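Colleague: Residue-level listing of the chains:
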Amino acid sequence: MTTRWFGARVQRVEDDRLLRGKGHFTDDISEGALESVLVRSPFAHARIKSIDVSAARALPGVVAVYLSADLPFGSTDLPILIPHPNLTHGRTQRCLASTVVRYVGEAVAFVVAENRYIAEDAADLVEVDYEPLPVVITPEVSAATQHLVHDDVPGNVAAEMLQEVGDVKAALAKAPHRKQLRLRFERGAAAPMEGRAVWARWSESEYRLTVYDSTQSPTSIRGGLAVLFGLPESSVDVIAPDVGGGFGPKIMLFYPDELLVPFAAMRLGRPVKWTEDRQEHFVAVNHERGQVHEVEVGFDGDGRVLSLSDDFIHDAGAYTPYGIILPIITAAQVPGPYRVPNYRVRFRDVYTNATPTSPYRGAGRPHACFVMERTLDAIAAELGLDRVEVRRRNLIQPDEFPYDLGVAWQDGNRVVYDSGNYPALLARALEMLGPRPAGDHVGMGLSPYVEGTGVGPYEGAHVQVLVSGKVVAATGIPNQGQAHATVWAQIVADQLGVDVADVEVTSGDTRKFKWGVGTFASRSAVVAGNAMAVAAGMVAEKAKHIAADHLEANPADLELVDGRVRVKGSPERGIPLAAVAVLANPMRYAFGGGTEAATQFTPRPRPGPPLADGEQPGLEATGYYSPTGSTWAAGCHAAYVRVDPKTFRLEILKYVVVHDCGRLINPMVVEGQIEGGVAQGIGGAFYERLAYDADGQLRNASFMEFLMPYATEIPPIEIDHIETPSPLNPLGIKGAGEAGVIPVGAVLAAAIEEALGVPITEMPLSPLKLYELVTRPS
Amino acid sequence: MKVNGVPHPAPVDPRRLLSDHLRHDLGLTGTHVGCEHGVCGCCTVLFDGAPIRSCLILAVQAEGHEVMTIEGLAVPDGPLHPVQQAFHECHGLQCGFCTPGFVLSVVGLLAEHPHPTPEQVDEGISGNLCRCTGYASIRRAVARAAELSKQ
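Quick note, the sequences are listed as chains E and Z, same order.
If you use this note's numbering, the first sequence corresponds to residues 258 to 1035, in order.
If you use this note's numbering, the second sequence corresponds to residues 5 to 155, in order.
None of these hints come from the bench; they were simulated from the model.
If you're wondering where the values come from, they're calculated on a predicted model, not measured in any experiment.
Do not take every clue at face value.
No more than 20 angstroms apart at the CA atoms, straight line, and that leaves these computed lysine to any residue pairs for SDA-like [claimed, not checked]: (1) Lys279/E x Gln89/Z; (2) Lys911/E x Gln89/Z; (3) Lys279/E x Leu84/Z; (4) Lys279/E x Gly82/Z; (5) Lys771/E x Gly713/E.
The calculated label-pair distances, taken between Cβ atoms and stated as ranges, are [to be verified]: (6) Val79/Z x His802/E: 52 to 62 angstroms; (7) Ala315/E x Glu127/Z: 50 to 60 angstroms; (8) Pro902/E x Glu127/Z: 18 to 28 angstroms; (9) Asp327/E x Val16/Z: 30 to 40 angstroms.
All residues carry an ideal CB built from backbone N, CA and C; glycine is no exception.
From just these sequences and the hints, can you work out the full model?
Modeller: Structure representation (structure tokens):
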């Protein structure tokens, strides 16, 4: 294999159509589809006394109005995606609520009409009589409340989990210094630019359900639809076409529309579509990030951490469809790149009357990083030590890998860091950061971090060389902007010795590849990328085997270069890959394109049947990659900021990132991931806040009031890479999707704390929050 | 109204948004809808040459005007417009959902300021939200587009 493409800044193959307006997003599909609207609860907690849909059904142009009782699966609790023994009181919603609603935005009715405008009018005519119930919004209050979100869940606790490495109590007691901190992270939202959308068609003659869904996991949606609708999986196709950003919450089983749209399409015999509006996206698509941590740390006079106890509450929202993966990740990632010889972590996952939470880019990691870095800054302040020096003394060293943390990871294994060089990341970040800018109210923040990536269980790929010599490749997991079509083409092109432009990748279409898991957790490049390499490698071996007969050579002496299979050292002795693809399919009927070379009266190089025992026709292969465990990327961010002491406007003077995701497939793409992640981190740290009131109303459910950063808020980011290959996978790569976002809160908290001289113990901040912190009586 | 130079009959539904009319009546689905309240800029089109939000006006208000959507910027199968080319070269797009709106905003920006200062660049793209790129690559793309437009 050559590495002509791997590692190069290859420009994206997906750009051209997206730039010309020829993208293919779910709402772009119509084909005469009926349009639909969900009626959602305006109350955070209420009993449904009655629902009257007669006026809605009578409106001209309305085709159907469905309530829970109209659905064959209406009384089925939707699945818990990731069950866990500690999730003792897991609860999921039903497709449409019929008795109690538990958050603003919970769906109660589904209206289908000739067009969206009529459907919206009809939704307004659905009369729901609600009896409001007490509301619990704040997670700390939920854990102590008399008001239950679910009648049968005592104390609102869905799950509790305790892990301990070493003897934390004893080590705390013996530690020369101790410190306690209370750290708070509010809810956040992923807010991709494309909301969610679903389009479905049922074909009775083909007995086939086709669903387009802006999901991050079409294979899971397909499996779930087959189960709930009683269809064979082979009769369900799910396609995630172009998806306008995902960042986590577009993976669910199910959002109600993902069942209702296919159901209505089957029931009504016409295509049906549903496209979310932005206001409902804010309340009906999963949130993330609400956690409250109580930390106690014991340390020595040099600032070395001896013992760390973290007891935290995680805000589940009203249901736990995603299980307890988020708090598990936080619990696992608190120690980060540091040695913590005694570590105890307990969490309680509590219900609140708010939108359910599930992973959003970072997925529990930014909280963990914030907790550890705030703790180290507090240790430095307590001892009067340099913050950098405290970190240096606690970092895991390059000769300590593999490093077993001793706590559980999200895949059921233990956290074991596979490789890395954390001191080098810190040193390079400081070098890039340079001298402190002059002036008052300037602060510096820095944060090394780790990122568990490339989680299993597996992904697969199919690679085929066509008789034209072009290569098609497919995998089950979809793309939301991560340049899958480019980076996987790079991997395949190297294996097959072809031009990257000759490889066309399809992803997220169960018609092209039906197996796989999904795009999440910084896993696509690692898991699907290695599967692509496996499949393409199998095709290369097959090509050598076929070509060897025709070149009268040993397969081991052949190589694939420039679209040909040729003899090493005698490049003139070769055969085009296109011709090998022809020969791979012995035939009776030529169909043009040179295929006559493989017909029955053409002399064959070897005796025996045209297709030997155990051989399959076609120059193609399907390969899989299943990792033994996660591979751990790492990095270090550092920044200088200035805070205006009157307006509390934040100015980020310099922001640097050093990043290590193992071998880089395409540095341009990785840098794009980092820049985008940092921007989301800045948004989540200083601008974006989901402002719930005590009644459970989200008061800022629009882009007018939820302050997502524009270009004017995001500074230039300076990026450098170091490459510590992962020993766990053949390509030596690690994931990069969440690296940009993880440490931003920790970095900005430290920098702002220094700039203003007030302790920062919560996220997100804002000018108003800083004003309150500075002016409140101490 | 004329859309991408082609005359179209007047829209029949008086409450149809221009964005919905372009997408669902004329099939020009390159105009995207990200918020429907005029904040995200995904639905930006050129209206008599200037960028506007097509989700904030009714289709009937476009009668007698010239609308250009992303589909009208480059000849199909021909070379990309310099702004599109610059976004490609500078990795100025990831998921591509906000991209048509950004491209048309930048076309408008460069028409006004062919050699924009960094402040004018930020100002010119500060009506469009992008959740993927963090804007750095889009800033580079604007600078590159100014260069390409000069050539």
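Colleague: Provide an ascending list of the numbers of those earlier hints which the structure does not satisfy.
Modeller: 2 and 6
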